[in-house]
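> Just so you know, we're using full-length UniProt numbering here: the sequence shown kicks off at 1 and counts up by one.
Rather than coming from a laboratory, the hints here were simulated on the basis of the structure.
EDC-like, lysine to aspartate or glutamate: derived pairs with alpha carbons at most 20 Å apart:
| hint | residue 1 | residue 2 |
| --- | --- | --- |
| 1 | Lys82 | Asp94 |
| 2 | Lys131 | Glu151 |
| 3 | Lys296 | Asp225 |
| 4 | Lys253 | Glu233 |
| 5 | Lys296 | Glu233 |
| 6 | Lys82 | Asp101 |
Every value quoted in this text rests on a predicted model; they were computed, and no experiment measured them.
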Amino acid sequence: MRTRRLFWRPFQRAVRFLLLLFFSSVLTGCQQAQHPRPPPPVSVTTAQVQAGSLALTVPTLGQAIAIHSVSIEPQISGLLEKVMIHSGERVHKDQPLFVIDPAPQLAALHQDMANLRGAQVQLAYDQTQVKAYQPLIAKDYVTAQTYQQAEASAAMEAATVAADRAAVQTTELDLSYTQIHAPIAGRIGLLGIRSGNLVTANSTLLCTLTQIRPIEIEFSLPEKDLAALRRAERTLAPTVGVWSNDRRHFLGKGRVIAVDNSIDTASGTITARAVLPNTQGTLWPGVFVQVRFTRKILAQALLIPQRALQEGVKGSFVYVIRGGRAQMQPVTYIGQGRGLDAVRGVQAGETIIVGAPAHLHPGAPVQSDHQKSSEDQGHATATVAATHVPGRLS
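With these hints in hand, go ahead and build the complete structure from the sequences.
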């Protein structure tokens with residue numbers, strides 16, 4: 001019996017030790033539950049609210065249109081002797097383009113000039129006869145009929161001289177048409193004709209010439225912006241900014257030069273045109289572009305990075321850092337620009353969170369791991385789009 005007790009004694013000690021260890025762990029866990037550790041701060045990117053002037057704009061799609069586009073056709077028929085340009089070449093006004101064989105016009109001119117000289121000689125003779133008959137008719141040396149015939153002959157020859165002179169001028173004009181010059185400065189299209197071909201007056205297309213500097217941009221805006229368009233039409237200041245269709249390249253500024261005389265009832269929009277210098281020739285007729293029409297300039301506005309603006313069930317808000325914690329601050333969205341939003345409800349200089357993490361909640365401790373510089377946030381003077389959440393353009 002004593003031997004059996006001695007056998008179980010080590011096992012009893014092991015069980016007691018395990019029970020003691022278990023209850024100690026439970027007690028420690030309860031104590032930790034009563035005193036939980038604070039959660040670690042959330043790493044965030046911050047920026048400061050800026051104050052600056054703001055241009056409210058309306059974004060829309062536009063299309064470049066050539067101010068002048070000319071289809072060049074010969075005004076006389078003949079053999080195309082020279083082609084002095086190449087496809088796609090840029091030409092200046094009055095630059096020689098084509099030469100039509102002038103030989104037929106030169107021959108016709110020589111004949112017309114000979115006819116004119118003959119008529120002038122005959123007119124001089126007839127006028128001399130009239131002057132010679134004037135003193136003789138008073139003495140009845142010639143009859144009145146003879147004198148009247150001399151006068152009529154001189155008048156008819158004067159008409160012949162006038163007709164021959166007009167024929168010479170017409171032939172000279174035809175001769176000038178053998179030299180074809182550029183009526184405007186622009187860019188030549190693709191040529192479809194070569195020297196040695198016969199061309200027909202007012203029929204054969206020699207080339208197309210399109211002016212691209214300056215160039216017009218046609219765009220449409222909602223009818224509520226008609227008053228702003230009409231104001232812009234009366235000013236010489238540029239009120240239209242143009243970007244490439246992918247919004248990656250700024251192409252220039254222009255001014256509104258014309259507004260359509262009616263509103264499209266189907267779309268509720270009004271069409272307008274602006275002119276751009278296009279000094280670099282980057283815009284081509286027919287290309288689509290992004291247009292921002294300036295409606296109004298605000299003297300003061302509160303600007304934040306676009307990624308700082310959040311949307312909740314109660315509207316727009318931003319996270320403001322106060323006392324090292326994120327606080328939800330409701331704001332009113334006014335508009336946006338290239339990287340910046342204009343809002344009301346915050347103060348200039350306040351620190352806000354940019355691109356808040358999904359797990360961030362009001363009251364959470366935060367720690368800034370990067371603060372956007374003024375260059376990162378954008379300039380204080382920005383262009384913003386006059387649209388409303390949702391559906392803001394980037």
